[in-house]
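S.K.: These protein sequences, in sequence, are chains A and B.
First residue of the first sequence? That's 5 in this note's numbering, and the numbers climb one at a time after it.
First residue of the second sequence? That's 6 in this note's numbering, and the numbers climb one at a time after it.
Hints were generated in silico from the structure; no laboratory data involved.
Treat the hints with caution; some may be incorrect.
The calculated DSS-like cross-link candidates involving lysine-lysine, where the alpha carbons are at most 27 Å apart (straight line), are [unchecked claim]: (1) A:77 with B:63; (2) B:33 with A:77; (3) A:77 with B:175; (4) B:33 with B:63; (5) B:33 with B:45; (6) B:175 with B:33.
To give an idea of the chain A side of the interface with chain B (calculated C-beta under 8 Å), a few residues [unchecked claim]: (7) 22; (8) 54; (9) 64; (10) 82; (11) 85.
The C-beta atom is built at its ideal place from N, Cα and C for all residues, glycine as well.
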Amino acid sequence: MNDPTLIGPCADYEHDLVDLHDGTLTSDRARVVRRHLEACPRCRDWQAEFAILEARLAAELPRPELSPTFDAKLQQRLAALARPPVRNDLRAALVHEHDSLLDTLRRGARRRAVLSALGSAAVTLCVLAAARGLLAQGVGLLPSVAEGPERWLMLGIVGVAMAVATLGWSAGRSGVPRLGLLR
Amino acid sequence: MAMDSGIEQHLAAGRHARAFDLVVPAYKDRVFRLAYSILKERAAAEDAAQETFVRIWKALPGFDGRAALGTWIYAITRNTCLMELRRRRPTVSFDDPDSTEAQHAAASIASGPAADPERDNLLRLVDTLPRNQQEAVRLFYLEDRSYETVAEQLGMPLGTVKNLLHRARKRLMELARPDEVKAA
Chain A
5 MNDPTLIGPC ADYEHDLVDL HDGTLTSDRA RVVRRHLEAC PRCRDWQAEF
55 AILEARLAAE LPRPELSPTF DAKLQQRLAA LARPPVRNDL RAALVHEHDS
105 LLDTLRRGAR RRAVLSALGS AAVTLCVLAA ARGLLAQGVG LLPSVAEGPE
155 RWLMLGIVGV AMAVATLGWS AGRSGVPRLG LLR
Chain B
6 MAMDSGIEQH LAAGRHARAF DLVVPAYKDR VFRLAYSILK ERAAAEDAAQ
56 ETFVRIWKAL PGFDGRAALG TWIYAITRNT CLMELRRRRP TVSFDDPDST
106 EAQHAAASIA SGPAADPERD NLLRLVDTLP RNQQEAVRLF YLEDRSYETV
156 AEQLGMPLGT VKNLLHRARK RLMELARPDE VKAA
């Protein structure tokens, strides 16, 4: 137990030496340990070394403290959390704006779709009318289409169809501001 | 804690705001010290303490009293700190004191230059301990060497804390010895 080449305390007393230092040993056990210390230089050295380490750790480990602004910062954070109505109002306003924007876009898309359909129908009518006039005259050109009211009717249909097609195409591309049909 | 009974009375009566007003002064220093023992940086510990109290403020109405108030608060603190540690980039772990990295660090600490060599070396030696031993050591001396307080704050049995501290101090004594004594 007193071999001087060994380092550290006797295994049986190791924890007791710490407890003795902490003052948590019963008086009977403390008496036994002190008696052992008188006879054991290894344990005495270890205990002295332990006491130095304890003192150094207690003195040298940092002991940081809270900054004086801790409470004020915490109150600020809590106050921000305690204002849910403001946050909810802002969120509701954003949702409303988002919804109304989507609604406008949907309406614009519907109008463009209707105008595109009208334009397509007009083009189709135009093509059909032209085809009918050409067929009625064989393979001749437009000026040789039938004479009289039938010719004027056919030209009128072609003109209206072209006007509607142009309107539809134009509205489809850029909207018709005067009708409130913005893209 | 005597203060806790007053807090718990307010909680039982549904007066959570008043209970919280008592919780902050009663626990802020201990929460901060626990956070510091885990995070090792004053500013980070203070941020974690703030975050802990915000969480407590939110969760206090749901506190059911099954655990002691302090146990509950320290558990929130530890979780907040662990989340902060996870958020940080992973670094070399010294959890195994016998690992190559830890041995290398201890050797370089013993031989490396320092502005205040004695103190600096001791602090750096503490940093080479496994994480749970570091936390126990820091907290033990911050809490005026109270094993019971450290056990409560770390959520460990008293015997486990004593064992951790014993191993930590024994290891520090070994690391701090001069090389010729180690060789012997």
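S.K.: All hints are to be evaluated individually against the structure, with a verdict given for each.
M.R.: Hints, verified against the model:
{"no.": "1", "hint": "A:77 with B:63", "verdict": "16 Å, holds"}
{"no.": "2", "hint": "B:33 with A:77", "verdict": "13 Å, holds"}
{"no.": "3", "hint": "A:77 with B:175", "verdict": "41 Å, violated"}
{"no.": "4", "hint": "B:33 with B:63", "verdict": "16 Å, holds"}
{"no.": "5", "hint": "B:33 with B:45", "verdict": "17 Å, holds"}
{"no.": "6", "hint": "B:175 with B:33", "verdict": "32 Å, violated"}
{"no.": "7", "hint": "22", "verdict": "6 Å, holds"}
{"no.": "8", "hint": "54", "verdict": "7 Å, holds"}
{"no.": "9", "hint": "64", "verdict": "5 Å, holds"}
{"no.": "10", "hint": "82", "verdict": "6 Å, holds"}
{"no.": "11", "hint": "85", "verdict": "7 Å, holds"}
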